[in-house]
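Starting from the known structure of chain A, arrange chain B on it as the hints suggest.
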Amino acid sequence: MSSGVIKGGVTLAAMAAICTLLVAATYQLTADRIAANERAWLERSLEPALSGVFFEGSVTESKVVIPPPHDLPGNDTAIVYRVFAEEAPVAALFAVTARDGYAGSIRILVGVGIDGTVTGVRIVEHRETPGLGDRIDQSRSDWVYQFDGRSLGNPVEANWLLEVDGGEFDQLTGASVTPRAVIKAIRDTLIYFDAHRDEIFTMPASEEQQ
Amino acid sequence: MTSGSFLDRMRTGLWRENPGLVQLLGLCPLLAVTSTFVNGLGLGIATLVVLTCSNVLVSATRRWIRQEIRIPIYVLIIASLVTCIELIFKAWFPALDRSLGIFIPLIVTNCAIVARAELFASRNSVVASFFDGIGMGAGFALLLMVVGFFRELIGKGSIFSDFDMLLGGEPVRGLVLVDGGWLLAILPPGAFFSLALAVALKNHFDRKRDIARRASMPRDLRRSDGST
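Residue numbers (my numbering), protein chains in the order written: chain A, 29 to 238; chain B, 0 to 227.
Treat the hints as calculated values from the structure; they're not laboratory data.
Quick reminder that beta carbons are idealized off the backbone N, C-alpha and C, glycines included.
Hints may be right or wrong, so weigh each one.
[As the list claims (entries may be wrong)] If you want the footprint, here are the derived chain A segments under chain B, 3+ residues with CB under 8 Å: (1) 31-40; (2) 45-51; (3) 62-75.
[What the hints assert, rightly or not] Quick list of simulated restraints, FRET-style, between CB atoms: (4) A/Val33 / B/Arg62: 12 to 22 Å; (5) B/Asn202 / A/Leu70: 47 to 57 Å; (6) A/Ala64 / B/Ser4: 40 to 50 Å; (7) B/Val126 / A/Gly37: 26 to 36 Å.
One chain only, chain A, in its complex shape (with noise of 0.2 Å):
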């Protein structure tokens, strides 16, 4: 009876290296793959929140890593992206999430100038409801480009909210959670990088690529 279990276990044991082996073997053979895929991915989904800007090099060379607790929205670790012509700063790219949606966290990407003017926002990922809230995804509808060229001061601080709330942005009609938290953010954004502009410009960038 003892040796059916030594039978057993070495099956298992051998079977859990074949296995292993097989995963390996596949990481290894996609590895460059899907990092280059990852990379480019990035690339592509971080440019269009920076329309009218000119830049050089790739969005993603320069990155700081914010490490919470910070006042941007959401409160895990914040992504910015630095955007740089000759040298001299001309933007900031905030990855950063707007935890209070209708269904889970809205990851939203605010490209900042570097006179506080919105350049433009995009919708990464969320899970609001099909048809309803999920309206302010760029593929959706043209509800999120309202914001390019806004800034804090236009309208004022106090203004930033949909119309419905008395502010100055375009409301989705069945849905007000959403919009209202991806207005939050990004005003919380904006507000941010009039504290911190010279802060983030000067930090040294993070380490890691990714």
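Then chain B, alone, in the frame of chain A:
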């Protein structure tokens, strides 16, 4: 193995014992990802590959696997295969991987796969298990595609949108027939309705064929009433 048995396995997987329509296995991915045809196709292909490979591996090793440890072995084989498939998707179909998200790793939990390992592959030859995997996988994939096709058509008013996720290149909006559709079809209840309709249709066809067959039988073989 003769070609007749291959056809037989295909018929079993695609229709007679279709994992989704008859065995009602793997309902979680079936209901969750079929919001478009391309999603259904992608997950269908992934499931087919995993199912076929796991069937072959389970069948090839069945002589050495003791009864007591067979379940952990199945889990090991299926989990490794799914991890490989996930890596391959990430490397060659990154957009599709992003769209299917967690449902690629969740193929592990698709009961249809472990059920075929236990019910078929552990008792049959490698070739038969291979055919069974293809048949069952194709049956599941086809159902995913059919449900995805109709949900996309009704819910979004388009056909074959997002094909760039499979083939790469420029974004494809597909054939847009109507802009916007009946939203319910894309929401989770739409998935349940579509699947229910598909099962009902299949039962309807089976019933009809049964009746036709019985009617063509010689009189003395015919049962006195319709039910069996």
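If you test the structure against every hint from before, which numbers come out violated? Of the numbered hints, all hold.
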